[in-house]
Structures are given as structure tokens and as C-alpha cells.
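Could you put together the complete structure from these sequences and hints?
Number of protein chains: 2
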Amino acid sequence: MNIKCLIVAASAALSCWNVFAEPVLVPAPRKMTVRSGVYCASVADVGSIEVQEMRDASLPPEGYRLTVTTGGVSVASADAAGAFYARQTLRQLAEGAATGAASAPLALPCVEIVDSPAYRWRGAHLDEVRHFFGKENVKRVLDLMAYHKLNVFHWHLTDDEGWRLEIPAYPELTRIGAARPNSWKRGGKPHKVGDRRVIDRNTESYGPYFYTADDVREILAYAAERHITVVPEIELPGHAGAAITAYPQFACMPEGARERIWDAGWGNTVDVFCAGNDETIRFLERVLDHVCELFPSKIIHIGGDECPRKRWKECPKCQARLKAEGLKETNDLQAWMTRHFAQYLEKRGRRIIGWDEILSGDVPRSAIGMSWRTSQKNGTGDKLTSGAEGARRGHDMVMAPHLLCYYDYRQELADDPFQYIGGHVPLEKAYSFDPCEGVAEEARAHVLGGQCCNWTEFTWNEHDLAWKMWPRTCAMAEALWTAPAPRDFWDFYKRMEVHRRRLISRGVNCAPLR
Amino acid sequence: MNIKCLIVAASAALSCWNVFAEPVLVPAPRKMTVRSGVYCASVADVGSIEVQEMRDASLPPEGYRLTVTTGGVSVASADAAGAFYARQTLRQLAEGAATGAASAPLALPCVEIVDSPAYRWRGAHLDEVRHFFGKENVKRVLDLMAYHKLNVFHWHLTDDEGWRLEIPAYPELTRIGAARPNSWKRGGKPHKVGDRRVIDRNTESYGPYFYTADDVREILAYAAERHITVVPEIELPGHAGAAITAYPQFACMPEGARERIWDAGWGNTVDVFCAGNDETIRFLERVLDHVCELFPSKIIHIGGDECPRKRWKECPKCQARLKAEGLKETNDLQAWMTRHFAQYLEKRGRRIIGWDEILSGDVPRSAIGMSWRTSQKNGTGDKLTSGAEGARRGHDMVMAPHLLCYYDYRQELADDPFQYIGGHVPLEKAYSFDPCEGVAEEARAHVLGGQCCNWTEFTWNEHDLAWKMWPRTCAMAEALWTAPAPRDFWDFYKRMEVHRRRLISRGVNCAPLR
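As they're listed, the protein sequences go chains A and B.
Each residue of the first sequence is one higher than the last, beginning at 966 in this note's numbering.
Each residue of the second sequence is one higher than the last, beginning at 966 in this note's numbering.
It is worth saying that the hints were derived from the structure and are not from the lab.
Ideal Cβ positions, reconstructed from N, Cα and C, are used throughout, including at glycine.
A portion of the hints provided could be inaccurate.
Under the rule of at most 30 angstroms between Cα atoms (straight-line distance), these lysine-lysine pairs were calculated in the DSS-like manner [said to hold, decoys possible]:
(1) B:Lys1278 - B:Lys1293
(2) A:Lys1293 - A:Lys1312
(3) B:Lys1100 - B:Lys1263
(4) B:Lys1263 - A:Lys1104
(5) B:Lys1104 - A:Lys1104
(6) A:Lys1288 - A:Lys1312
(7) B:Lys1104 - B:Lys1459
(8) A:Lys1100 - B:Lys1104
(9) B:Lys1312 - B:Lys1263
(10) B:Lys1100 - A:Lys1100
(11) A:Lys1459 - A:Lys996
(12) A:Lys1459 - B:Lys1459
(13) A:Lys1459 - A:Lys1394
(14) A:Lys1394 - A:Lys996
(15) A:Lys1275 - A:Lys1293
To give an idea of the interface, some chain A residues facing chain B are shown, with a C-beta separation under 7 angstroms as derived from the structure [said to hold, decoys possible]:
(16) Ala1009
(17) Lys1150
(18) Arg1166
(19) Pro1382
(20) Ser1397
(21) Ile1469
(22) Gly1472
Next up, the structure:
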């Protein structure tokens, strides 16, 4: 309409990004010098900017030196990852603050940026068991991870409520284990487990949902292009409900085992993999063989958390194993299994990582711990002692203390439409995460980094997931990329006021900052 | 994790909706009496609530009486639409304020609601020419329209920059007219039309994007289930750039006609359909024949706005037509065309609607006017005189004054990542829209209702579109459903604080309220 034409000029002018504003980068670079002047690329999208790339072995792994002058753009890096991260920085430099789009022609402020990550494990975890999000949503997560320079995707694929990875040798795992007859509906009331009427009204049949080998390969290729390592998790010996529902013979007490997946609760079951049954061990070896065939990751996650001992105590096979292996007490059966699979995977050139419980017993130094508890007492204390303790004992550690890193905990927003499992992790608290907190100086070399954990009992769809991940995952990205404290939350906050608009304009259902 | 299980109860309790709160409904019902008590449906989703439905001819069209007692739910309505809208109200009654999800088991407050719309044309318009959104996004719009009791989808399918409807008899319309070599990229600078270098950097080849007959049938079926009438718009005689680029022989000056679609600007072109060429008239008749075959709507939109006279003045055929039809001046050619197609469509049992320009000449009373200008002067004044004038002259009118109803105008949000064409329509202004404003008492019967117009020159994708449509379309829905002023914006605003959460939890990229 004419009236429109009349105001196009004014509007376009207003929507123009002021290239002289301080560039907004998330995560913040280690060192940035802004010079006067602008480089106008003759192209409209960042991907096609001509960049003079060179290798410089003196730079740290994944690091880069990015130089924008009025004459052009050059990048030096020690490796391909570094060059990739320079591109991500370039994307943000080119992006208008007002729209997620690049201004065209691209106007890049003249800067010199020398940058590299503080930690080499910069992770985000996704639980696809409690709820399943699927290929397209996983790719979306990978895209946003790369954009924020995160490099490890911890993929939680098996648990009590489901088994999401097809294993050709064991079809029942997905035929039975990938579907749930009574999964909680959104808005359901999960605290009345057992009351049949409540269950019928509050639950729905869910699935079958799972990934085939082709799905996985597609996601792995997508992740590789973005320099993201995908670490799959196969939970053992506990959180095995779905597997032993499909194959009860691998539990201590087959007759009871099948019930778990039918009920409608969340959490972990008393029925676990039998530590005494050699068939169970073979089964898990076959599963891990398939995992090793599919996943190039040098590190495989074997779970290990919250394994109840009740069945092992009652189970003759487990008690026999105890004797045969000369173990002192039932507890030691977990360490025995951890050792067994650590060695089994080591023969295949892989290392295990497991939740911090695996470190309680006598396990090889090569085992990596993932610290989720914040004290030796399960989730009670408020210090990161278990992670620190693991590092002190010489284990490489990935820190994910639930009190700071579990994004299924409340954001404490005034205006929040979603359900949370509980807890309290507002943006400022998420930003305060420091993987080395409480770790002795001499043990810090063992801290690989950290990650956020996105458990999904109360996360039903991708909108819900995005709302919980963003903006908190921006805080995680900065906590893992930039040098540790002192970091200034308010500086981060100011940048996030701009950066959040970029996310929203990409259609990310990003929560308010507070 | 155990810690999670420990807090499930607390969390679930907190996420529980307080059914005793005043029910939040958008649009507000005409009359609601809240009684004490709650009806607990034994089902978990609203669709399957058992509702006692009865017909009551004494109720107004689209109206309903909804009664919820502790014993159950009953609905009386004069027609199927009324029963459908009662269901929409039921959905909102059942919805938790905290999550978009229904609480399960459904707890419905006991209420008696007597409700009916103030206007019978409650519309939303979508321009799919400047940018194309596609089937899935159109369905999403239809879903949200129905949820807010809107009942007319005005589908802008043809314009200077594109032709989006496949017409088997004229394949070039979509082969050539559905693609654009130089369409503005997001963030581009549209005020430098003509400068080749700027165009090359700021534009991208766009399309071909168009709908086949099957696509249209799928969308029509989807709309019909939701009691939404789809009114297609075929622009004539102006805004015809795409059509005459595909078939230059239908313009006054074929040699110049082809250029329009190649250039990169927005707005309307000087080249229009030739009023003097009988071939052009036949062509448009064939196109409208196909439209009538496809669309059941009794009303067909023929555009009619902003048709420059320059070519008609220079064109011998047009001047010959002028003489032959005994018309006074070139301007009269548009009224002649309007009359011709009004009669042509009337023979096929349809009525025309057109932008208010069509009323400038001598046209049949049966022609419906769509008022977008707010005075006889193109977009200058500030009163709804042209709409009022149309009604005074006895034309049925649909009001869509750009100063209140164009949602491509700025929302004036502090924190807005998107581009706008200009203007100024914050939520409160959108809410102040009254279709009968300025219309004489005796002419008000001619005011069918109103609609918001979503022009998309500066709207590139569905996230962008949702941000501009919501929450403002909620204001439009209430302005058209509820009785006119006095309406209380702050009462609406308070409800929207809750209702916006419902939209966000559905994944609607809904803008803040202010």
C-alpha cells in the first residue's frame, strides 16, 4: 500500500544496526580489541565471507585469532575447530542486534580477537527417555550448541522408562522398551502413583519412540560438521527398567522385573541388571559392541548412578559372584561391573565415563567421573566435594552439580508457563557455575569441564525444552568457555539483553532473563 | 534421580491450577456467572468431555449457553458454530493458568455462560505474496484463530511481487509469477531500490512458492472443521505485477510490463491489467471461474486498491473502452471493471468484496467494501470516514483501518527483535478498535465486522509472523466478539498476563504485552 512505501525509508533506517556499538558476543571472547572502522563484505551471508585462514600451531587447541580490518578478515588457528569457532564469532559480529539477521551488505566492526576455551568438555545433556524429541529437535539443539561454542552432546538414551536406541541383536529393547502404556500427560499429577483412577486419567500411551542406526548416523554427521562429540549413555547396572521389561531374564528376579515400565511414576526402580548372571554381562557387551560400531566417541557413558542393592542382596547368582570374585560386600558388585566394562571398552579403544557413584568403589584411574551430587550424601550437602574428591584421587572429572547445572530446576521467573521438577536455578546461579570450585590446585588438571543436564520428566515438547535450556545454556557456555572467576554477571546480563533477541528472532522459545 | 523423586510432590502441588480462581477467557464472554463448586471430568482431554448438546433456535447465530454444574456440562446453541465456540470456551476453562495444558483429571469451575459475537465478520488477513508461509503455518494460524473465535481468513494470494495460486489454464502464472529473482533478504536495506550493487547484496532469489488445488482443498477442509470461512483475494485491476510479468499481453503496455517482478522493491506498480483489452477480461474471468470451483466462500475478494491510472490514460484500448461504454473519465474504468466482475460473480452465486477504493465509482449496492484507509485521502486523516461513508451509502462494510488493524506496524516494545514497515499499533491501540466508530446509528447494520491485516514485506518467517500477530490478534478477537465500548483495557490486560502463558506454552512466539 502507498502508505507503506512512504515509510519504508524511515523504517529501514531504524532497523539498521549501528556497527559502531560494542560487539555483543556470547560466550565472551578471552581478549577483544575494537578498532575504528568497518569492513563491508560484498556478500550478504556470513558463510560466504572470504576469510584468509592460516594454521598457527602456537595457538591453543580450539583457539583462534580473528582479525577484521577495513581490508578484510583473517583467521589463525591451531586446528579446524578453532577456525570453526572463529566463524561462530564472525556470525555474531555480523548479526544485527535488532534482528537475528545479518545486515546486508555485511558491516563488520574492525576487531582483533584472541580467543580459546577454558575447558575442553563443554557439554549439554539431553534425556530422551522420559520424553522423546526426535531428530529434528536434536539437530536444533546441536545448532544452538555450536553457535555458543559447546562441543559435547551427552545423549541419555536408556533408563527405567524407555530404551531409545535400536539394537538389531535385541529387537525387544525397542519393540517393548521404547513404548510406555502409562506415561504422565502434561499437567498430570505424578504424586499419586498407584491410585489406578488417577493413573488412568493422568497418563497416555507414549511411543514407541526410538532411533535406528541410520537416524544416529544422520545426527552424528550433523554433529561432526559442528565439531560436537556425541557421547551416548547406556545406563547400567541401575536405571535399567526398560531393558529388563523387554528381557526379564537379565534381571535378578525376572517375575517382578516386568512391572516397572507399566507403572506411571518417574525415578528409578529397584529391579536392576543382575550382576551375577553371565548372560546379562554378555547382553550388555553385545549392546556396547553395537554402540562402539555406531559412535566414534572415544568416551562412552555407562551411567552408574542410583543403583539399589536390594535385589543383589536377595539374588543367589549375585551372592555367588561376590564369593567367586572375592569381594567383601554386595556394594562391591557395582565396582566389579564398572571394572569389567571399563576393561571391555578399553580393549576397543574407548574410555568409560559414569555418574560419580562409579567412583565409590575400586575402579581404574582411566574411568572418568561425572559429578552430579554436591556432597557424598545424595543431593543433600551444598559443596562440590564429590567432584573435587574424584579429581583429588586422580580421575578426570566432568562437573554437573545438580544445584547449578540441572535445567529441569525452576528458573524462578514471575511469568513461567512450564512445569519443573523442583529446585532453583535462576540465570545468575547458572552463571555462577565454576567447574573448579572446591578442587585443590594440584587436582585441577583433572577437571575436563562441565555440562548442563536437561532431564525431561516434566518437559513434554520442544517449546518447553527450549524455554528451560535458554537463556541458561548461554550462561553455561560462558562459564565453560571463558576463564574462571572473576566473571561479571551484569556484563553478561547486558549482552544477553541483545543476544536473547537474536535467539527469539531465530524462533527459539527463549525464557526471559529474570 | 532420587533427589528428583523427593521433590515431585511439592513441584506437582505448585504446578496445580487453582480452580477457584476467576476463569480467564479470551475473548471475554458476554455474560458469565461463576458458581461455587467444581465438575471433575473423568477424562484428561477437553475434546472427550461428555457434553449434553441441544439446539435452541432462540439463541443468536454462533452464540451458545454453556452450563457447568458439579453434575456435568451442557451446551445449548442455535447452530453448529455456537456449539463449536462453547467447546473453545470449555478448552480455556479447563486450561491451567500456569501451563497451557489441561489439569488432569479436568477440574472445571461451575459456571453459566451466555455468549454470542458482536460481529459476524471476525477476520484475520494474511499476505502470502510478499512472503510465503505454506500449508503448515497457515493451519497454525487457523488453529489459533478458532481458539479465539475468529471466523474469516482473508487470504491475499496475488500481488505485484507474486502469484501464489496455481491456475491450470495459465501455467505461467506460477511458473514465472511465483518466483522472484530479487526479493529482499531479512536485514536488507529496501530504501535503495535501483542501485544495482545494493540490490545484489541485499536480495535473494525467492520461490517458486505457490499452492496447488490439492493444497487449497486441504486448507479449506481444515478451516471448515474450525468454522472458518476462507475468502481468497485475486487483486485487480492493480497490484497485478506478477500476473502481467507472466502474461504481458494482459497489460496495457506489454513491453514495459515484464520489468516489475524483477526489481527488488515493495509496493505497487504502474503497470496494471488493461481495462480495454477483452482478452484481459476473459483471462480474469477464467481465473475467477477456477477460484469459484475451488472456494466455497460466498464472498470473493477482488482487491481494487491503489490502481494507478497512468497506463489507462496512455492506452488506446482503454480509451476506446471509455468511449464505447460512455464513461466520463479514465477513473470510471475501474468502476466499470468492478461492475463487470460483480455481475460475473453474481451469476455464479457469489458476492464481491474489495478495498474501499472500489466504492469511489458507481458500483452495485451488493458490493462489500473493505475499509483500510482512514479518510478519503489515502492514509492521511485520522477518522474512519471512508468506512463510515460506505456504510452510509448502503454498502455492507468490513473495517480494517490501517492505523488500528495493520499488524505489520510497530508494537512499540522496548525489546523487539523484528523489523516493521513502520506505523504504531501497540496492544492498547489494537484493543481500542471499534468497527462502528464514526458510523451513523442507522448505517451500523451494514458493518459486518472487521479484521487485522498481516502484510508481510518485513515478515520473513513464521516466528516473525507469530510475534506480530500475538498478542494483538487477541485484542482483535475481543474487539470483534464482545459488545462495543465501554471495554476495559486493564481487565483485558490482566487476563492476557495469564493467557499469554498459554500461547507461549503452545510454542507461539508471542510478543510481550508492552
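Margin query: Check the structure against each numbered hint from earlier and tell me which ones fail, lowest number first.
Written below: Violated: hints 4, 20.
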